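Colleague: Here is what each chain is made of, one letter per residue.
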Amino acid sequence: MTSADPTRGTYFITEDDLRALTGELLGAGTEVIAPVALDVCASPSAIASSACLRPGVKPIDIEYRALESAAQLNLGSGLPVLSLKQYFLPEYEALCCWRQHGTEIEIEAVPTEFAPRVVLAAKPCDSAALAVVDKVMNWDYADELWNGRREATTIVNLACPVVDESCFCTAVGTAPDDAKGADALLTPVEGGFLMEATTDKGRALVEAHAARFTAEEGAGGAGARGRQAAEERAAARARAAANLEIDAASVRDWIDTHFEDPLLAALGVRCNGCGACSSVCPTCHCFDIVDEEEGIGKGTRRRCWDTCQAPTFTLHASGHNPRDSQNPRYRQRINHKFAIYPLKFGEVLCTGCGRCTRVCHAGQDLVEILQAIDIAARRREAVSP
Amino acid sequence: MNIYQPQLALVTAVTEETPDTRTLRLELKDEALRNAFAFHAGQFGEYSVFGAGESTFCIASPPTRKGFIECSFKAVGKVTSALREVNVGDTVGFRGPYGNWFPVDDWKGKDVVFIAGGIGLAPVRCVIWNVLDRRDEFGDVTIVYGARSVVDLVYKRELQEWASRSDVRIVTTVDPGGQTDDWKGEVGYVTPVVEATAPQAQNAVAVLCGPPIVVKLTLPVLERLGFADDAIFTTLENRMKCGLGKCGRCNIGPVYVCKDGPVFTAAQLKELPAEY
Ligand SMILES: Cc1cc2nc3c(=O)[nH]c(=O)nc-3n(C[C@H](O)[C@H](O)[C@H](O)COP(=O)(O)OP(=O)(O)OC[C@H]3O[C@@H](n4cnc5c(N)ncnc54)[C@H](O)[C@@H]3O)c2cc1C
Ligand code: SF4
Ligand code: SF4
Ligand code: FES
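Here the protein sequences line up with chains V and H, keeping their order. The letter at position 34 of the first sequence is residue 34 when you use the working numbering, and the numbering goes up by one with no holes. The letter at position 198 of the second sequence is residue 198 when you use the working numbering, and the numbering goes up by one with no holes.
The set of hints was computed from the structure by calculation and includes no laboratory data. Heads up, a few of these hints could be off.
Stated by the list, open to error - When the alpha-carbon atoms are kept at most 30 Å apart in a straight line, the in silico DSS-like pairs for lysine-lysine are as follows:
id: 1; chain 1: V; residue 1: 344; chain 2: H; residue 2: 156
id: 2; chain 1: V; residue 1: 135; chain 2: V; residue 2: 180
id: 3; chain 1: H; residue 1: 259; chain 2: H; residue 2: 74
id: 4; chain 1: V; residue 1: 180; chain 2: V; residue 2: 344
id: 5; chain 1: H; residue 1: 216; chain 2: V; residue 2: 344
id: 6; chain 1: H; residue 1: 156; chain 2: H; residue 2: 110
id: 7; chain 1: H; residue 1: 259; chain 2: V; residue 2: 180
id: 8; chain 1: H; residue 1: 29; chain 2: V; residue 2: 298
id: 9; chain 1: H; residue 1: 66; chain 2: H; residue 2: 184
id: 10; chain 1: H; residue 1: 156; chain 2: H; residue 2: 74
id: 11; chain 1: H; residue 1: 216; chain 2: H; residue 2: 66
id: 12; chain 1: H; residue 1: 110; chain 2: H; residue 2: 78
id: 13; chain 1: H; residue 1: 270; chain 2: H; residue 2: 110
id: 14; chain 1: H; residue 1: 270; chain 2: V; residue 2: 344
id: 15; chain 1: V; residue 1: 298; chain 2: H; residue 2: 216
id: 16; chain 1: H; residue 1: 29; chain 2: H; residue 2: 74
id: 17; chain 1: H; residue 1: 156; chain 2: H; residue 2: 216
id: 18; chain 1: H; residue 1: 216; chain 2: H; residue 2: 184
id: 19; chain 1: H; residue 1: 110; chain 2: H; residue 2: 66
id: 20; chain 1: H; residue 1: 270; chain 2: V; residue 2: 135
id: 21; chain 1: H; residue 1: 156; chain 2: H; residue 2: 78
id: 22; chain 1: H; residue 1: 270; chain 2: H; residue 2: 216
id: 23; chain 1: V; residue 1: 201; chain 2: V; residue 2: 180
id: 24; chain 1: V; residue 1: 298; chain 2: H; residue 2: 78
id: 25; chain 1: H; residue 1: 108; chain 2: H; residue 2: 78
id: 26; chain 1: H; residue 1: 259; chain 2: H; residue 2: 270
id: 27; chain 1: H; residue 1: 259; chain 2: V; residue 2: 135
As the list claims (entries may be wrong) - Covered, in the sense of this in silico footprint (three residues per stretch, anywhere, with C-beta under 8 Å from a C-beta of chain V), are these stretches of chain H:
id: 28; stretch: 154-160
id: 29; stretch: 237-245
id: 30; stretch: 251-261
Keep in mind it's a predicted model, so treat the numbers as computed, not measured. No residue lacks a Cβ here, since even glycine has one placed at the ideal position from N, Cα and C.
Kindly generate the complete structure, drawing on both the sequences and the hints.
Modeller: As structure tokens, this is what we get:
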């Protein structure tokens with residue numbers, strides 16, 4: 001076959017070549033982040049869990065990890081437990097360091113430029129979330145730590161077959177085959193993957209590994225692989241749409257105008273404010289800023305993930321708390337994601353990954369909640385002249 | 001340098017205002033930054049003690065005084081307790097100025113009524129001095145200030161200075177039970193004292209800052225006195241972390257208080273969910 005023509009957007013690559021490309025990147029010292037299957041029972045804290053005691057069963061978690069070898073690259077359809085957020089807004093991130101000499105203090109800046117790195121087989125809902133969060137990170141003040149990591153990273157998505165009934169990406173303006181926030185998209189086809197490069201960074205990746213790719217008709221194009229890719233992508237979209245269909249614009253407007261509505265005001269009854277939903281969410285970006293001393297007279301100021309679901313989030317020093325119970329806190333989660341952020345930044349602060357629903361031990365189900373709000377919004381439209 | 005990295009500032013003066021409130025005067029150590037530093041009345045900053053963390057206070061000195069800034073704070077928690085221990089010659093961190101401001105220039109020719117409760121006098125003091133430093137641009141100036149007790153009054157020396165000026169009308173009050181034998185001011189909560197003081201509302205603006213309860217109770221009184229909702233200015237003190245519109249902490253309804261505020265008119269306040 002002919003080698004890739006870097007001026008064209010669509011290529012074919014076999015799985016072997018994709019792993020070889022991964023090996024080339026690693027060999028050149030480039031960090032490669034990708035889904036990896038982890039043995040749950042290998043973690044000391046999991047030893048007692050009953051799943052690990054059952055013979056013949058080997059429970060695994062999928063997580064995005066920096067690869068040590070190309071063999072680790074997991075190209076299955078499983079959803080990583082944590083989103084890609086951790087690689088752009090780390091759970092703990094240094095903002096500056098200080099050193100005290102007598103009454104003098106010296107501040108050491110942290111770098112805002114990062115070595116180039118590549119993310120492979122990212123979930124489309126995870127890359128899309130980065131593009132959504134880009135907005136808040138850049139209105140007026142630019143967050144160079146976020147932007148530095150964004151610029152240094154080339155993201156290659158892997159089209160998703162839709163994981164389960166908690167997925168609803170198509171209801172919030174993205175899709176299981178979206179390249180939003182990413183630089184290229186892989187779609188599984190017979191014998192390998194179609195690779196569409198959608199940005200300069202994506203094209204540069206193809207160019208740098210041109211021997212691994214062959215030029216190909218685009219998805220939906222005349223070729224057999226293109227037809228296969230288009231069919232499977234359409235089927236995945238239909239599966240996501242079957243989970244939830246809402247009118248995001250009327251949901252936005254209804255929430256915006258119904259702050260006191262009993263439906264919104266009582267949403268948090270089951271929630272106990274653990275914040276797990278915020279941790280796993282690719283779009284939740286709230287953070288706290290704390291100082292951590294590291295020996296005498298030196299330390300690091302860090303930001304760390306926070307959650308609007310915690311009672312202390314809004315607690316004033318006086319003891320006054322503007323959101324003094326879980327109901328208003330949960331309403332804030334919904335309001336911020338589906339009304340405030342869309343009105344301010346033009347994007348829904350949710351990509352429908354479903355993680356918050358899956359992780360919630362209290363049974364808060366975002367599909368159910370959005371359905372209820374959508375019905376309320378449609379009902380209003382039906383009665384208004 | 002990233003947006004979260006503070007500037008270093010030298011503490012050049014400390015005033016103990018009350019048993020739990022003090023004022024620090026700070027000078028940015030970097031001379032170029034110090035000379036270029038400019039802000040508007042009502043803006044705030046993030047002040048830090050390295051090892052304890054950052055805290056949000058308004059800039060309590062007026063923009064008309066250059067070369068330094070002042071902040072006044074009440075010791076209520078981790079950072080404010082650490083700030084209570086700093087002395088002249090110590091170094092602290094500062095980020096700012098952040099947020100919007102009082103549209104003082106739009107008030108030219110108008111009467112200005114200042115109402116503050118407790119530490120709420122800190123942001124108001126900045127505007128008072130800003131107006132007094134440009135005194136002939138404005139009409140009558142009235143100040144109503146209340147604290148829990150006589151010892152809790154902040155800026156005592158300045159209260160006297162304002163009282164001694166013929167171009168300022170000032171009423172100070174303490175909560176019932178908070179007076180001393182030689183207390184010459186009013187006794188009563190701020191709200192009824194504002195009502196009794198009855199500043200006229202024609203061609204006037206009111207600046208109102210204090211604990212949420214004082215703001216809440218005083219707004220209807222100002223309305224009864226005839227102040228229009230867009231002639232009443234207040235500040236919100238939602239908990240903040242970044243001050244830059246990133247961390248999400250201060251968001252209520254459509255506003256990020258740190259960027260769209262902290263200064264709001266009563267008209268804007270009415271449009272917001274009551275989450276302040
Ligand atoms: C725009 C703006 C301007 C302001 N201006 C002024 C001013 O001029 N002067 C002034 O005095 N104040 C001002 N404030 C209020 C001031 O920011 C707070 O009082 C101050 O930040 C408290 O800081 P701290 O670190 O001492 O308190 P913290 O230690 O952060 O905590 C204060 C209280 O919060 C609670 N709390 C915090 N974290 C936790 C936790 N993890 N678990 C349980 N409880 C917790 C506790 O009740 C604690 O006592 C302003 C606020 C804003 C937003
Ligand atoms: S919704 Fe569920 S996961 Fe989120 S804070 Fe509440 S209990 Fe925790
Ligand atoms: S809110 Fe839930 S479904 Fe939406 S992006 Fe966050 S975790 Fe995923
Ligand atoms: S304080 Fe961080 S967003 Fe306002």
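Colleague: Does each hint fit the structure? Answer for all of them.
Modeller: For each hint, the structure was consulted:
1. Between the alpha carbons of residue 344 of chain V and residue 156 of chain H the distance comes to roughly 43 Å, so the proposed pair goes past 30 Å and is violated.
2. At most 30 Å may separate the alpha-carbon atoms for a hinted pair to count; residue 135 of chain V and residue 180 of chain V meet this at roughly 13 Å.
3. Restraint check for residue 259 of chain H and residue 74 of chain H: satisfied, since their Cα atoms lie roughly 23 Å apart, inside the 30 Å limit.
4. For the given pair, residue 180 of chain V sits about 20 Å from residue 344 of chain V by alpha-carbon distance, which is consistent with the 30 Å threshold.
5. At roughly 27 Å between alpha-carbon atoms, residue 216 of chain H and residue 344 of chain V fall within 30 Å of each other, so this suggested pair holds.
6. Pair hint residue 156 of chain H plus residue 110 of chain H holds up; C-alpha atoms about 27 Å apart against a cutoff of 30 Å.
7. The suggested pairing of residue 259 of chain H with residue 180 of chain V holds, with an alpha-carbon distance near 28 Å, which does not exceed 30 Å.
8. About 20 Å separates the Cα atoms of residue 29 of chain H and residue 298 of chain V, which keeps this hinted pair within 30 Å; it holds.
9. Pair hint residue 66 of chain H plus residue 184 of chain H does not hold up; C-alpha atoms about 34 Å apart against a cutoff of 30 Å.
10. Straight-line distance between C-alpha atoms of residue 156 of chain H and residue 74 of chain H comes to about 15 Å, which keeps the hinted pair within the 30 Å bound.
11. Using a Cα cut-off of 30 Å, the hinted pair residue 216 of chain H and residue 66 of chain H is violated, with the two alpha carbons roughly 34 Å apart.
12. Taken as a hint, the residue 110 of chain H and residue 78 of chain H pair is broken in the structure, with Cα atoms around 41 Å apart against an allowance of 30 Å.
13. Under the criterion of a C-alpha separation no larger than 30 Å, the hint pairing residue 270 of chain H with residue 110 of chain H is consistent with the structure, at around 24 Å.
14. Of the supplied pair hints, the one linking residue 270 of chain H and residue 344 of chain V holds, its CA atoms being roughly 19 Å apart against a limit of 30 Å.
15. Annotation: proposed proximity of residue 298 of chain V to residue 216 of chain H is violated, straight-line Cα distance about 44 Å (limit 30 Å).
16. With a CA separation close to 25 Å, the supplied pair residue 29 of chain H and residue 74 of chain H stays within the 30 Å bound.
17. For the hint linking residue 156 of chain H to residue 216 of chain H, the alpha-carbon distance of about 26 Å falls within 30 Å, and the restraint holds.
18. A hinted pair counts as satisfied when its Cα atoms are at most 30 Å apart, and residue 216 of chain H with residue 184 of chain H qualifies at roughly 27 Å.
19. This hinted pair checks out: residue 110 of chain H and residue 66 of chain H have alpha carbons roughly 26 Å apart, not beyond 30 Å.
20. This hinted pair checks out: residue 270 of chain H and residue 135 of chain V have alpha carbons roughly 28 Å apart, not beyond 30 Å.
21. Restraint check for residue 156 of chain H and residue 78 of chain H: satisfied, since their Cα atoms lie roughly 26 Å apart, inside the 30 Å limit.
22. For the suggested pair residue 270 of chain H and residue 216 of chain H, the alpha carbons sit about 11 Å apart, so the restraint of at most 30 Å is met.
23. With a C-alpha separation of about 13 Å, the suggested pairing of residue 201 of chain V with residue 180 of chain V holds against the 30 Å cut-off.
24. For the hint pairing residue 298 of chain V with residue 78 of chain H, the CA-to-CA distance comes to about 18 Å; that is within 30 Å, so the pair holds.
25. Distance hint between residue 108 of chain H and residue 78 of chain H is unfulfilled; the C-alpha atoms sit about 41 Å from each other, more than 30 Å.
26. Distance hint between residue 259 of chain H and residue 270 of chain H is fulfilled; the C-alpha atoms sit about 18 Å from each other, no more than 30 Å.
27. A C-alpha spacing of about 15 Å is found between residue 259 of chain H and residue 135 of chain V, which places the hinted pair at or below 30 Å, so the restraint holds.
28. Only residues whose C-beta sits within less than 8 Å of a C-beta in chain V count toward coverage, and the stretch 154-160 of chain H has 0 of them, not enough to reach three; the restraint is violated.
29. For the stretch 237-245 of chain H, the stated coverage by chain V holds: 7 residues have a C-beta nearer than 8 Å to a C-beta of that chain, and at least 3 were required.
30. Counting residues of the stretch 251-261 of chain H whose C-beta sits closer than 8 Å to any C-beta of chain V gives 5, which meets the bar of three, so the coverage hint holds.
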